[in-house]
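Trainee: Chains as they are written, first to last, in UniProt numbering: chain B, 1 to 212; chain C, 1 to 212.
It is possible that some hints are incorrect.
Listed next, the in silico DMTMM-like pairs over lysine to aspartate or glutamate satisfying Cα-Cα at most 25 Å (straight line) [stated by the list, open to error]: (1) Lys109(B) to Glu48(C); (2) Lys146(B) to Asp199(C); (3) Lys67(B) to Glu48(C).
The following residues of chain C were derived to be distant from chain B, with all beta-carbon distances above 10 Å [stated by the list, open to error]: (4) Gly58; (5) Ala83; (6) Phe177; (7) His204.
Don't read these hints as lab results, they were simulated from the structure.
Computed from a predicted structure; not experimentally measured.
Quick reminder that beta carbons are idealized off the backbone N, C-alpha and C, glycines included.
So you can see what is in the structure, the chains are spelled out below.
Protein chains: 2
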Amino acid sequence: MDTHPTSPRRRGRPPKQRDELVDTRALLLRAGLEVLTEKGFSATGLDEILKQVGVPKGSFYHYFDSKEAFGLELVSLYGAFFAKKLDRHFHNHTLSPLARVRAFIDDAKDGMARYGYRRGCLIGNLGQEMGALPESFRLRLHGTFKDWQDRLAGCLNAARQANEIADTADVDQLAAFFWIGWEGAVLRAKLEQSLSPLDTFADHFFTCLPRR
Amino acid sequence: MDTHPTSPRRRGRPPKQRDELVDTRALLLRAGLEVLTEKGFSATGLDEILKQVGVPKGSFYHYFDSKEAFGLELVSLYGAFFAKKLDRHFHNHTLSPLARVRAFIDDAKDGMARYGYRRGCLIGNLGQEMGALPESFRLRLHGTFKDWQDRLAGCLNAARQANEIADTADVDQLAAFFWIGWEGAVLRAKLEQSLSPLDTFADHFFTCLPRR
DNA sequence: ATGGATATTAGACTGGTCGTCTATAAAATG
DNA sequence: CATTTTATAGACGACCAGTCTAATATCCAT
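Just need the whole structure built from these sequences, with the hints factored in.
Mentor: Pasting the structure below:
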């Protein structure tokens, strides 16, 4: 049925256009990040990402071995992006250590509101999906959380040294506690389309820090 | 291709067996609960549930209008089941109010370990999936959380009257805080296949309660 | 009872999606 | 300019959600 001799579409490697060097691979990653952050891995079809970027399947599977490999790469990308954001806040020496944590929280709140509470945390999303995800995701996701936790622990340690929290505080445990609860708060914020879960959690987190 | 005259399977309404009154509808709901609690809504195909129960599609769509209607019913079912569990603990007058909360937590921990950390909280799972779920789920999920929150607030109020926590404590806020964080803890427990996130969250929750 | 209405099951079928794979063509290489 | 590499186009097979028809047991009215 496809014997139409006049097929206007062109296939094969596209001619190089100097002016517009579109990096298809990067476009796919960016679109993937957006969609997966909203809908998760299993519920997202490749076609949706493909259509959004205007790229055919063939290109996708040229750049990525599989949907799974694509997802793993997104985890790395998001993890690194977020780590950078954390560092930007946690190493901001114009603020006290605890104020830096507050600043991160405000930043994150902004982000959620800006996207209409549709986008959550990619790592949290995929974590919830573990039951339907390839095992390969588990270590990566776990590792990402551990990385974020360490960065926060560093900031809390600075808070300790600045006498904002007690010397006896276990900063690792506190940091673990924070991310556990924060992910829950992001989930609820998405569900309720409101910032109040984030505020509720943040308020309690700060009030229960062991004071100097 | 289907012209085999010898089709051994029987169709039509099945003969009634007095001894074994299998309630197909209930079986479907139970199986759905198990599978969705592990894998979520989007990642689960009807066929998987059907095969597990040994029931054909026709039966499913006789009892339920759609997969969405089925899911909504599961939310109600799970919400009610869990509320009953909460009440069992929160109204156990052989324990002090705070000890009742601890007892619930131990119960939940048991449950997670018993199923190899594969099963999480259905409401949390679906909440995370909101981006890919019909809008009809939002109110139901939100309402379920609110219901659980009220029950916990009742128990915390008893704790206040028993002088286990301060008179000034805002039990509603504390209950909200608990469920926000608890869902995050369940997520992490599934991811890490370990109880420690649950312990970490619970420990901090109790230590940060405003003491009398 | 008996015959029509109802309840329940069997599973084919349709339209759509998902992920893989092959064919094709431009660019790079030498 | 021939060969290899890079990138695109889209066909293909498997699967899935939901619908529909057929079949058959039970229920109920007369």
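Trainee: Hints first: check each against the structure and report whether it holds.
Mentor: Going down the list of hints, with the structure as the test:
{"no.": "1", "hint": "Lys109(B) to Glu48(C)", "in the structure": "39 Å, violated"}
{"no.": "2", "hint": "Lys146(B) to Asp199(C)", "in the structure": "17 Å, holds"}
{"no.": "3", "hint": "Lys67(B) to Glu48(C)", "in the structure": "22 Å, holds"}
{"no.": "4", "hint": "Gly58", "in the structure": "26 Å, holds"}
{"no.": "5", "hint": "Ala83", "in the structure": "18 Å, holds"}
{"no.": "6", "hint": "Phe177", "in the structure": "5 Å, violated"}
{"no.": "7", "hint": "His204", "in the structure": "5 Å, violated"}
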